[in-house]
Amino acid sequence: MTGHPSPEELEALSRGEALAEVEAHVAGCAACTRELAWLEAERALISRRPQPEVAHLWAGVAKRLEQPGQRPSADRGGRLRPHWARRLAVGAAAAASAAAVLLLTMPPKGGPNFSAPTESVAETDFDGPDAKTLAALDRAERDYRRAATVLETEYAAARNKLDPKLAKQWDESLAKARAQLGASRAVAAEDVNARMRVLDGYAGYVRSLRNVMEAEEANP
Amino acid sequence: MASAAERSGSDRELLLRAQAGDGEAFRVIFDREAPGVRRFLGDLLRDHAAADEATQETFVRAHLRLTTLKQPEKLQGWLFGIARMVFLEQLRRKRRDGPMPEDAEPMHVDRAPTPEAALLSGEADQVLDAALAALSEERRAALLMRLDHGLAYGEIAAAMGWTLQKVKNEIHRARLQLRERLAWYLEGAA
Numbered sequence: 249m250t251g252h253p254s255p256e257e258l259e260a261l262s263r264g265e266a267l268a269e270v271e272a273h274v275a276g277c278a279a280c281t282r283e284l285a286w287l288e289a290e291r292a293l294i295s296r297r298p299q300p301e302v303a304h305l306w307a308g309v310a311k312r313l314e315q316p317g318q319r320p321s322a323d324r325g326g327r328l329r330p331h332w333a334r335r336l337a338v339g340a341a342a343a344a345s346a347a348a349v350l351l352l353t354m355p356p357k358g359g360p361n362f363s364a365p366t367e368s369v370a371e372t373d374f375d376g377p378d379a380k381t382l383a384a385l386d387r388a389e390r391d392y393r394r395a396a397t398v399l400e401t402e403y404a405a406a407r408n409k410l411d412p413k414l415a416k417q418w419d420e421s422l423a424k425a426r427a428q429l430g431a432s433r434a435v436a437a438e439d440v441n442a443r444m445r446v447l448d449g450y451a452g453y454v455r456s457l458r459n460v461m462e463a464e465e466a467n468p
Numbered sequence: 543m544a545s546a547a548e549r550s551g552s553d554r555e556l557l558l559r560a561q562a563g564d565g566e567a568f569r570v571i572f573d574r575e576a577p578g579v580r581r582f583l584g585d586l587l588r589d590h591a592a593a594d595e596a597t598q599e600t601f602v603r604a605h606l607r608l609t610t611l612k613q614p615e616k617l618q619g620w621l622f623g624i625a626r627m628v629f630l631e632q633l634r635r636k637r638r639d640g641p642m643p644e645d646a647e648p649m650h651v652d653r654a655p656t657p658e659a660a661l662l663s664g665e666a667d668q669v670l671d672a673a674l675a676a677l678s679e680e681r682r683a684a685l686l687m688r689l690d691h692g693l694a695y696g697e698i699a700a701a702m703g704w705t706l707q708k709v710k711n712e713i714h715r716a717r718l719q720l721r722e723r724l725a726w727y728l729e730g731a732a
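Each protein sequence line maps, in turn, to chains A and B.
According to my numbering, the first sequence holds residues 249 to 468 in order.
According to my numbering, the second sequence holds residues 543 to 732 in order.
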C-alpha cells in the first residue's frame with residue numbers, strides 16, 4: 249500500500265472488516281494506529297448507549313394516519329396522469345396472465361392439480377412450487393401493487409372532487425379491500441392457489457380504482 | 543440470520559406493500575426504523591418530549607411521501623432526511639428566541655485513547671453526551687448519521703443536502719472536536 253489508507257478504509261477496519269493490506273499498514277504506522285484507536289473508542293462509546301423506547305409513539309402516528317389527506321401520494325414526482333395508471337394496470341394484468349400461463353403450462357410433478365385442488369397440499373408429497381412459479385407470482389403481485397399505488401395516488405388527488413358521501417363509500421370499500429388483500433396475502437405464503445386468489449383480489453381492487461377514476465374523468 | 547440479499551428482497555417487498563396501502567407493512571417499517579430515528583432526533587433536539595413528537599411527525603410525513611421512495615435500500619437515509627427537516631423546523635423556531643453557538647475550529651489530538659478506557663464507567667456516557675452537545679446541530683447530525691447509524695457518505699449527503707466533500711469535511715471536523723472533548727476523560731481513565 250502506498251500512502252495512508254483512506255478514512256473509509258480505517259473505519260471499515262474498525263468495524264472488523266478483514267482488510268489485510270490496511271491492517272499491515274496500520275501495524276507499522278503510528279498515525280494510523282492512533283486513528284484506529286480513536287475510531288474504536290468512538291464506536292465503543294456510541295454502541296453502549298441504550299436504544300430508546302418507541303412502542304408508545306405508534307398510537308400517535310396511527311391516529312394521525314387515519315385523518316383525511318394522510319394517504320401516500322407522489323407529492324414530489326408531480327401528478328401522474330390516469331393514462332399512465334391505466335398503462336401500469338394493463339402491465340399488471342399482463343404479468344398476472346403470464347403467471348397464469350406459466351402455471352397452466354408447468355409440467356406435472358406429482359403435485360396437486362391446480363385446476364381442481366380437491367386435496368390439501370399437506371396431504372400430498374408435493375415438495376412445493378418451483379422458484380420460477382413463485383418468481384412469476386411475485387412479479388405479477390408487484391406489478392399489481394405498483395398499479396394500485398399509482399391509481400391510489402390518482403384517487404387521493406381526485407377525491408376532493410367527488411361527492412363527499414360517495415367518496416366516503418369508496419374510502420370504506422377500498423380500505424376493506426386492502427385489508428382483505430393484506431390478510432389473504434399473509435396466509436397465502438407459498439401456496440400457489442392462494443397466491444392466484446390474491447392476484448384475483450388485486451385485479452378486482454385495481455379495477456375498482458380504475459372505475460372511480462374513469463367516473464371522475466367522465467364527470468369532472 | 544438473513545443474508546444481505548434476503549434482507550434487501552424483504553425490504554423491497556415491505557416497502558411495496560406499504561406503498562400499496564398495507565398499514566401492517568408500514569407498522570413493521572416503523573418498528574424497525576423508529577428506534578434509530580428517535581435516537582437521532584433525541585441527540586439533535588436534546589429534549590425527550592420534543593424528540594418523541596418529532597419522531598411521530600417524521601413517520602407521518604414519511605407515510606405521506608412513501609410513493610416517492612423508489613429504492614428500498616435507501617429507506618433509512620430517506621427517513622433521516624425527513625427527520626432532519628423536522629428537526630430544522632424546530633431549530634428555526636428556537637433560533638427566533640436567540641442565536642445558536644457556531645462551530646469552533648477543532649484542534650488535532652495527537653494522543654490515542656485506550657479502548658478499555660472508553661468502557662470504564664457510566665461516566666463515559668455523560669462525557670460523550672456533553673461532547674456531542676458541544677457540536678453544532680448540523681455537524682452533530684452528520685457525525686451521528688455516520689457514527690451511530692452507519693449511513694454511507696452518499697446517503698448523508700442526500701439527507702443533509704450537502705456535497706459529498708462537505709459531508710467528509712464536516713464529519714472529519716466533528717470527529718476532531720469530539721476527540722478534543724473526550725481526550726481528557728479517556729486519558730484520565732486509562
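It should be emphasised that the hints constitute simulated quantities derived from the structure, not laboratory data.
Cβ atoms here follow ideal geometry from the backbone N, Cα and C, with glycine treated the same way.
A hint or two may mislead.
What the hints assert, rightly or not - Quick list of the computed label-pair ranges, beta carbon to beta carbon:
(1) B:Gln613 / A:Leu313: 19 to 25 Å
(2) A:Pro412 / B:His714: 55 to 61 Å
(3) A:Pro255 / B:Arg569: 22 to 28 Å
(4) A:Gln315 / B:Gly696: 19 to 25 Å
Structure-based check of all given hints:
no. : hint                            : result
1   : B:Gln613 / A:Leu313: 19 to 25 Å : 23 Å, holds
2   : A:Pro412 / B:His714: 55 to 61 Å : 56 Å, holds
3   : A:Pro255 / B:Arg569: 22 to 28 Å : 38 Å, violated
4   : A:Gln315 / B:Gly696: 19 to 25 Å : 35 Å, violated
Taken one by one, the earlier hints fail for this structure at numbers 3 and 4, listed in ascending order.
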